[in-house]
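J.: Chains U and G, in that order, give the protein sequences.
Numbered as in this note's numbering, the first sequence ends at 293 without a single skipped number.
Numbered as in this note's numbering, the second sequence ends at 252 without a single skipped number.
It is worth saying that the hints were derived from the structure and are not from the lab.
Built from N, CA and C at the ideal position, the CB exists for glycine as well.
A hint or two may mislead.
Unchecked claim - Which stretches of chain U does chain G cover? Using the computed rule of at least three CB atoms under 8 Å from a CB of chain G, they are:
(1) 152-163
(2) 168-178
Claimed, not checked - Listing some non-contacts, in silico: residues in chain U with all C-beta distances to chain G over 12 Å:
(3) 66
(4) 70
(5) 100
(6) 107
(7) 114
(8) 146
(9) 186
(10) 190
(11) 256
(12) 267
(13) 274
As the list claims (entries may be wrong) - Covered by chain U, per the in silico footprint, the following chain G stretches (three or more residues, Cβ under 8 Å):
(14) 76-85
(15) 88-99
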Amino acid sequence: MSFVQLLIDATALGALLALVAMGIALVFGVMRLVNFAYGELITVGAYTLVLTKGWPIVLRVLAAFVVVIASSLLMEVIFRPLRRATAATMLVATFALSFLLQNMFLFIFGPQGETIEFLAPLNRAIEIGDLRIRWITIIAIALGAVLLGFMSWLLGKTSVGLQMRAAAADFTTARILGVRAGRVIMLAFVLSGFLAAAVTLVLAVQRPLATPNYGFVVLVPALVGVVVGGLGKLVPATLGGFAIGFATVVLGDLLPSGSRVFLNSVLFAIVIIVLLVRPDGLFTGRTGVAERV
Amino acid sequence: MTDERRPATMLRAAAVSRSFAGVVALDEVTLELDRHEVVGLIGPNGAGKSTLVNVMTGFDRPTAGRVVLAGDDITRWPPHRRGRAGLARTFQHARSFAGLSVRENIEVSALGVGVTTAMARERADRLLDLLGLSSIEGVPASILPHGAERLLGVARALATEPHFVLMDEPAAGLNEAEVPAFAEVVRSVRDDHDAGVLLIDHNMALVMAVSDRVHVLDEGRTIAEGTPDEVRIDAAVGSAYFGRGAADAADE
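Excised from the complex, chain U in its bound form (with noise of 0.2 Å):
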């Protein structure tokens, strides 16, 4: 595989997870909450396409986007009553929620999985010179930048993303300056809602067979970026989930072929020196500390 092949490929994988990693972020950044059920929403979309299928790409996206986003809303719905909770306790209930859904989804579509079949045609590699590039790593990288700008301009340089950030900072100081903490937390969960949703299209053409941990799969790695990125901070964690996303795929190329089994503990070994080094996480910068206390 020639070198930038490698890059454009990392950088698709990259996206994808970062897209996954700011999902979480977001959440956590104002409800100080690990959703572990965050892949389950992607499931839920996968399985949503699943349903749809026969019906006109528009409304099978649309579909989408509305089952997942509601989705997310029923989530936040279910945590409402853990706000006042321990972080341990949110973490064991957001745990209980994913593994009752993964089993939820197994009963009712079984273990051999449903084939998804969404623009299957996108995967289909242009080729320029010795290139090889399949139309959805395009898609995936284009996706991720212009999602990734909108969310940087949403809480940029709008009220409701100052009052969102406000919020991620200090959340008890934010309710009583007058900040609707409902309604940013709910912001913030249909946010990373439509995060899911956009994640699951891109993953249903790349990955065209739902299974019960469809999402959880995906969800693991971004969760481990997250950590790595810096978990209290939304740039920081999203550049983690790029970063793990880049280095799965780097990695696989560089381990030779009968070690490849050994990817993930390659990659885990990296990840505990880098908390070992950096524990607040390798984006978060010299003030990070200081800014939790």
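Dock chain G against the given chain U, drawing on the hints supplied.
T.: Frame of chain U, contents of chain G only:
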């Protein structure tokens, strides 16, 4: 609930008591604050000053007594509702938002009381100018020196266009050269922003210079109130406060 004889422009703590596990922090304290006046609230450490501010701003509930704002009994209102009704405060620990810039901290405070984005920007412009923070408007609040952080706290309170501002030790951390400018800010809040100010501070020169009236607490009770001159010569204040507290006050 509305008492029609009471001027609609008054914030009043009426016979407020607060005890913590049997320890009396406030004992039937009555304090009135009108718009267009600065009232100094002084007393030794532990006299109950911060407790009184907490009760008046909704961070604490009194064991007995009421808090009345413009005729409404607000004793049980949460802080943000009082904020919308025109009551603002500053904090001893600034509580500024770490990741936000100085300007954003002010804007978010204005947005909290429900003004439009454009209005929040415009208020931030004015307050940055008033408090001399314009040159550092883009700086993250987390790296501000102590004095500037206090000024930001005041700016954030004023961004709600309050009728009353309760300032909890706003001048702590200001150096001697900065205090006269801050005195001007307090006067400007009263004269230009039409807001009554309750000023708690250990800097006696500042309190005496800007206050129209001074209220003295000791061990949870009111021991004197009056003009700065009246309070200065009051015997009870002399023994309770200046006698043993003057050195402490000078240190801070």
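J.: Does each hint fit the structure? Answer for all of them.
T.: Hints and how they fare:
1. Only residues whose C-beta sits within less than 8 Å of a C-beta in chain G count toward coverage, and the stretch 152-163 of chain U has 4 of them, enough to reach three; the restraint holds.
2. Under a criterion of three residues with beta carbons nearer than 8 Å to beta carbons of chain G, the stated coverage of the stretch 168-178 of chain U is upheld, 9 such residues being counted.
3. For residue 66 of chain U, the shortest C-beta to C-beta distance to chain G comes to about 29 Å, beyond the 12 Å cut-off, and the non-interface label holds.
4. Residue-level check passed: residue 70 of chain U sits 28 Å from the nearest beta carbon of chain G, beyond 12 Å.
5. In this structure residue 100 of chain U is separated from chain G by more than 12 Å, as the shortest Cβ-Cβ distance comes to about 35 Å.
6. With a cut of 12 Å on Cβ distances, residue 107 of chain U stays outside the contact zone with chain G, its closest approach being about 43 Å.
7. The claim that residue 114 of chain U lies off the interface holds: its Cβ sits roughly 43 Å from the closest Cβ of chain G, which is beyond the 12 Å cut-off.
8. For residue 146 of chain U, the condition that its CB be more than 12 Å from all CB atoms of chain G holds, with the nearest at approximately 24 Å.
9. At the 12 Å boundary, the C-beta of residue 186 of chain U stays outside the reach of chain G, the nearest C-beta of that chain being 17 Å off.
10. No Cβ of chain G comes within 12 Å of the Cβ of residue 190 of chain U; the nearest lies about 19 Å off, and the non-interface call holds.
11. Residue 256 of chain U, annotated as away from the interface, keeps every beta carbon of chain G farther than 12 Å; the closest lies near 44 Å.
12. Listed as a non-interface residue, residue 267 of chain U keeps its Cβ farther than 12 Å from every Cβ of chain G; the least gap is roughly 29 Å.
13. Against the 12 Å criterion, residue 274 of chain U stays outside the reach of chain G, whose nearest CB is about 22 Å from its own CB.
14. For a cut-off of 8 Å, the count of residues in the stretch 76-85 of chain G with a CB near a CB of chain U stands at 4, and the three-residue condition holds.
15. As drawn, the stretch 88-99 of chain G meets chain U at 4 residues by the rule of a beta-carbon pair under 8 Å; at three or more, the given contact holds.
Consistency with the previously given hints is maintained throughout, with no hint failing.
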